[in-house]
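What follows is each chain in one-letter form.
There are 2 protein chains.
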Amino acid sequence: MHPFARRAAASVSRLGEERLIAAIRRWLGSASPRAPFGIGDDCAVLPGGRGRQLITVDPVIYGRHFDDTVAPRDVGAKLLKRNLSDLAAMGGRPTAAVLALTLDARVSVKWLEQFYRGLGACARRYRVAVVGGDVAQADGVVAASLTLLGATTGRRVLTRTGAKVGDFIYVTGLLGRSLATGHHHRFSPRLNEGAWLARQPAVRAMMDVSDGLAKDLHALTPSRAIPALSAAALPRRAGATMRNALTDGEDYELVFAVAASADRDAFARTWGRAFPRTGLSCIGRFVPAGKLPADAINLAEFHGYEHLRRTPR
Amino acid sequence: MHPFARRAAASVSRLGEERLIAAIRRWLGSASPRAPFGIGDDCAVLPGGRGRQLITVDPVIYGRHFDDTVAPRDVGAKLLKRNLSDLAAMGGRPTAAVLALTLDARVSVKWLEQFYRGLGACARRYRVAVVGGDVAQADGVVAASLTLLGATTGRRVLTRTGAKVGDFIYVTGLLGRSLATGHHHRFSPRLNEGAWLARQPAVRAMMDVSDGLAKDLHALTPSRAIPALSAAALPRRAGATMRNALTDGEDYELVFAVAASADRDAFARTWGRAFPRTGLSCIGRFVPAGKLPADAINLAEFHGYEHLRRTPR
Numbered sequence: 005m006h007p008f009a010r011r012a013a014a015s016v017s018r019l020g021e022e023r024l025i026a027a028i029r030r031w032l033g034s035a036s037p038r039a040p041f042g043i044g045d046d047c048a049v050l051p052g053g054r055g056r057q058l059i060t061v062d063p064v065i066y067g068r069h070f071d072d073t074v075a076p077r078d079v080g081a082k083l084l085k086r087n088l089s090d091l092a093a094m095g096g097r098p099t100a101a102v103l104a105l106t107l108d109a110r111v112s113v114k115w116l117e118q119f120y121r122g123l124g125a126c127a128r129r130y131r132v133a134v135v136g137g138d139v140a141q142a143d144g145v146v147a148a149s150l151t152l153l154g155a156t157t158g159r160r161v162l163t164r165t166g167a168k169v170g171d172f173i174y175v176t177g178l179l180g181r182s183l184a185t186g187h188h189h190r191f192s193p194r195l196n197e198g199a200w201l202a203r204q205p206a207v208r209a210m211m212d213v214s215d216g217l218a219k220d221l222h223a224l225t226p227s228r229a230i231p232a233l234s235a236a237a238l239p240r241r242a243g244a245t246m247r248n249a250l251t252d253g254e255d256y257e258l259v260f261a262v263a264a265s266a267d268r269d270a271f272a273r274t275w276g277r278a279f280p281r282t283g284l285s286c287i288g289r290f291v292p293a294g295k296l297p298a299d300a301i302n303l304a305e306f307h308g309y310e311h312l313r314r315t316p317r
Numbered sequence: 005m006h007p008f009a010r011r012a013a014a015s016v017s018r019l020g021e022e023r024l025i026a027a028i029r030r031w032l033g034s035a036s037p038r039a040p041f042g043i044g045d046d047c048a049v050l051p052g053g054r055g056r057q058l059i060t061v062d063p064v065i066y067g068r069h070f071d072d073t074v075a076p077r078d079v080g081a082k083l084l085k086r087n088l089s090d091l092a093a094m095g096g097r098p099t100a101a102v103l104a105l106t107l108d109a110r111v112s113v114k115w116l117e118q119f120y121r122g123l124g125a126c127a128r129r130y131r132v133a134v135v136g137g138d139v140a141q142a143d144g145v146v147a148a149s150l151t152l153l154g155a156t157t158g159r160r161v162l163t164r165t166g167a168k169v170g171d172f173i174y175v176t177g178l179l180g181r182s183l184a185t186g187h188h189h190r191f192s193p194r195l196n197e198g199a200w201l202a203r204q205p206a207v208r209a210m211m212d213v214s215d216g217l218a219k220d221l222h223a224l225t226p227s228r229a230i231p232a233l234s235a236a237a238l239p240r241r242a243g244a245t246m247r248n249a250l251t252d253g254e255d256y257e258l259v260f261a262v263a264a265s266a267d268r269d270a271f272a273r274t275w276g277r278a279f280p281r282t283g284l285s286c287i288g289r290f291v292p293a294g295k296l297p298a299d300a301i302n303l304a305e306f307h308g309y310e311h312l313r314r315t316p317r
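Residue numbers (our numbering), protein chains in the order written: chain V, 5 to 317; chain B, 5 to 317.
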């Protein structure tokens with residue numbers, strides 16, 4: 005059976021990511037456990053063993069996540085850091101990684117060496133053991149997929165579910181213009197911040213912002229609620245418009261929900277002492293669906309990066 | 005930096021797989037632990053936890069590991085079974101898997117559904133939880149990379165190292181013509197056999213045959229030794245020549261070394277009772293380098309499948 009659809013309507017690009025993931029879970033049947041033990045969060049929690057082990061997988065692909073303007077050392081580091089960001093979003097610490105490379109035979113040794121050196125340096129910095137991998141050939145492809153294992157740092161695994169109507173929405177750092185500024189490969193994954201947040205009872209749910217806040221925030225939003233965001237509160241990178249901040253993607257920041265009952269002044273003070281160099285912004289809160297305040301951003305007008313749709317970024 | 009080399013001499017294809025792996029370990033530096041805790045065996049042993057956890061990664065790529073003649077259900081199953089074969093080679097049992105897909109946007113939903121259904125059915129059969137994954141887009145590519153986690157079944161992890169000069173060489177099942185006969189996607193990974201062999205003290209080292217016996221056997225061969233194989237003893241699939249059996253690849257059988265002091269008759273009898281439907285062949289032994297008997301196969305005349313070399317299969 006030929007893998008390409010003859011009609012565009014029958015192609016996977018028409019499905020969109022959310023329906024694709026739902027379909028994948030359906031197709032896998034009982035082989036796909038419920039999140040956090042399976043598909044549906046930034047990492048999957050592995051049952052058994054001492055503590056709980058986390059696992060996540062993310063690729064970098066030439067022409068998609070990097071191009072000729074990115075030094076191969078930075079490509080290798082980015083590959084690991086993308087996965088570290090997923091681990092941070094659940095409050096985990098990395099342990100080990102395996103790497104699957106798919107390469108056109110024309111890839112230069114020099115490029116590959118620099119790629120691995122960058123990955124190796126980043127792995128040492130974050131104490132990740134690169135424990136295995138595979139290299140396969142495919143014409144015209146330069147792609148690397150890294151599977152990262154980690155462990156929980158405290159008693160709790162902070163997942164995407166758990167936010168309630170009335171919870172305040174916080175985000176770390178700055179949003180927007182990640183590709184234009186090089187942030188997409190220079191960022192530092194928020195591992196310390198994520199581990200700290202997982203220990204705060206007031207924090208109810210968390211994820212990382214990788215496809216643009218407007219899109220990612222859906223997964224954090226409780227049912228029968230919508231996010232009411234303040235345009236003025238959005239922490240924007242220099243030169244970023246509101247649209248940039250909401251839809252550019254590759255921010256690799258943490259977005260999380262804080263209980264309405266929390267002492268938010270004390271929370272902000274403690275944060276400031278723990279992470280004096282990481283910005284923290286309260287950007288809005290979850291309100292009942294249909295009750296969006298007039299001054300809140302209408303997120304329906306914004307879309308983040310959709311995988312497998314042929315849209316300009 | 006452009007990933008493609010301008011001169012063919014500077015391309016990764018000129019390196020060959022062995023030198024590439026050696027280079028990767030060098031480039032990774034201390035981020036790459038020694039086997040079995042890192043690169044260099046069928047699986048990597050993860051330290052810590054109850055028992056020892058195993059991890060391995062292998063892809064299937066359109067045009068490389070499957071084509072239009074293979075049903076997508078079989079492609080999904082093959083992807084998992086390739087990894088299960090690596091786990092079998094260390095005496096492990098599977099636990100969980102994550103999957104990274106790279107797809108051209110034109111891939112049909114139908115193809116993908118069948119792929120996942122096949123993977124799901126196979127995962128249920130072998131009790132593997134598919135705990136996560138990623139889907140990314142790249143033009144002209146249909147590739148899937150699966151990372152499989154497992155656990156040791158006994159006290160011992162059977163690695164590729166440990167064979168000694170004088171040890172006998174055994175192989176399970178039949179070799180050769182895997183692509184021509186469909187064995188490459190119909191095979192059953194030797195999980196039960198691998199777990200059993202790992203419990204036999206007489207078995208000193210083991211690996212799976214995936215790139216052709218002539219190539220794979222190098223990794224099992226003790227230093228200052230060579231394998232002396234008997235052409236008559238090679239278990240060949242119907243229609244397979246000796247060259248087919250030695251170089252075709254995708255056999256997914258186990259090859260292992262048995263101590264010269266072992267009671268091989270008793271070993272064969274016990275095997276026959278445990279696995280009446282899995283063939284077992286003693287195909288030769290390791291002899292001192294330079295002392296190849298006149299009637300032994302000269303393996304230097306045969307090469308298995310070399311990754312990243314542009315050779316016809």
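These aren't lab readings, by the way, just hints derived from the structure by calculation. Worth double-checking, as some hints may not be accurate.
It does not matter which identical chain is meant; a pair holds if it fits inside one copy or across any two.
Stated by the list, open to error - Here are the computed lysine to any residue pairs in the SDA-like style, where the Cα-Cα straight-line distance is at most 20 Å:
no. : residue 1 : residue 2
1   : K295      : G186
2   : K168      : I65
3   : K168      : G33
4   : K114      : A242
5   : K114      : R30
6   : K168      : P205
7   : K114      : R23
8   : K114      : T245
9   : K168      : T225
10  : K114      : A26
11  : K114      : W31
12  : K168      : Q204
13  : K295      : D143
14  : K114      : V74
15  : K295      : G170
16  : K168      : A223
17  : K114      : R11
18  : K168      : R228
19  : K114      : R10
20  : K168      : P226
21  : K168      : G243
22  : K168      : A184
23  : K114      : H6
24  : K114      : A298
Against the structure, the hints come out as follows:
no.: 1; hint: K295 x G186; in the structure: neither (38 Å within a copy, 60 Å between copies)
no.: 2; hint: K168 x I65; in the structure: neither (37 Å within a copy, 43 Å between copies)
no.: 3; hint: K168 x G33; in the structure: neither (29 Å within a copy, 46 Å between copies)
no.: 4; hint: K114 x A242; in the structure: neither (34 Å within a copy, 45 Å between copies)
no.: 5; hint: K114 x R30; in the structure: between (43 Å within a copy, 13 Å between copies)
no.: 6; hint: K168 x P205; in the structure: within (14 Å within a copy, 58 Å between copies)
no.: 7; hint: K114 x R23; in the structure: between (40 Å within a copy, 14 Å between copies)
no.: 8; hint: K114 x T245; in the structure: neither (38 Å within a copy, 40 Å between copies)
no.: 9; hint: K168 x T225; in the structure: within (8 Å within a copy, 61 Å between copies)
no.: 10; hint: K114 x A26; in the structure: between (41 Å within a copy, 15 Å between copies)
no.: 11; hint: K114 x W31; in the structure: between (41 Å within a copy, 11 Å between copies)
no.: 12; hint: K168 x Q204; in the structure: within (16 Å within a copy, 56 Å between copies)
no.: 13; hint: K295 x D143; in the structure: neither (52 Å within a copy, 42 Å between copies)
no.: 14; hint: K114 x V74; in the structure: within (14 Å within a copy, 36 Å between copies)
no.: 15; hint: K295 x G170; in the structure: within (12 Å within a copy, 80 Å between copies)
no.: 16; hint: K168 x A223; in the structure: within (13 Å within a copy, 56 Å between copies)
no.: 17; hint: K114 x R11; in the structure: between (41 Å within a copy, 12 Å between copies)
no.: 18; hint: K168 x R228; in the structure: within (10 Å within a copy, 67 Å between copies)
no.: 19; hint: K114 x R10; in the structure: between (39 Å within a copy, 11 Å between copies)
no.: 20; hint: K168 x P226; in the structure: within (6 Å within a copy, 62 Å between copies)
no.: 21; hint: K168 x G243; in the structure: neither (33 Å within a copy, 66 Å between copies)
no.: 22; hint: K168 x A184; in the structure: neither (35 Å within a copy, 58 Å between copies)
no.: 23; hint: K114 x H6; in the structure: between (36 Å within a copy, 10 Å between copies)
no.: 24; hint: K114 x A298; in the structure: neither (56 Å within a copy, 44 Å between copies)
Against the hints set out earlier in the document, violations occur for numbers 1, 2, 3, 4, 8, 13, 21, 22, 24.
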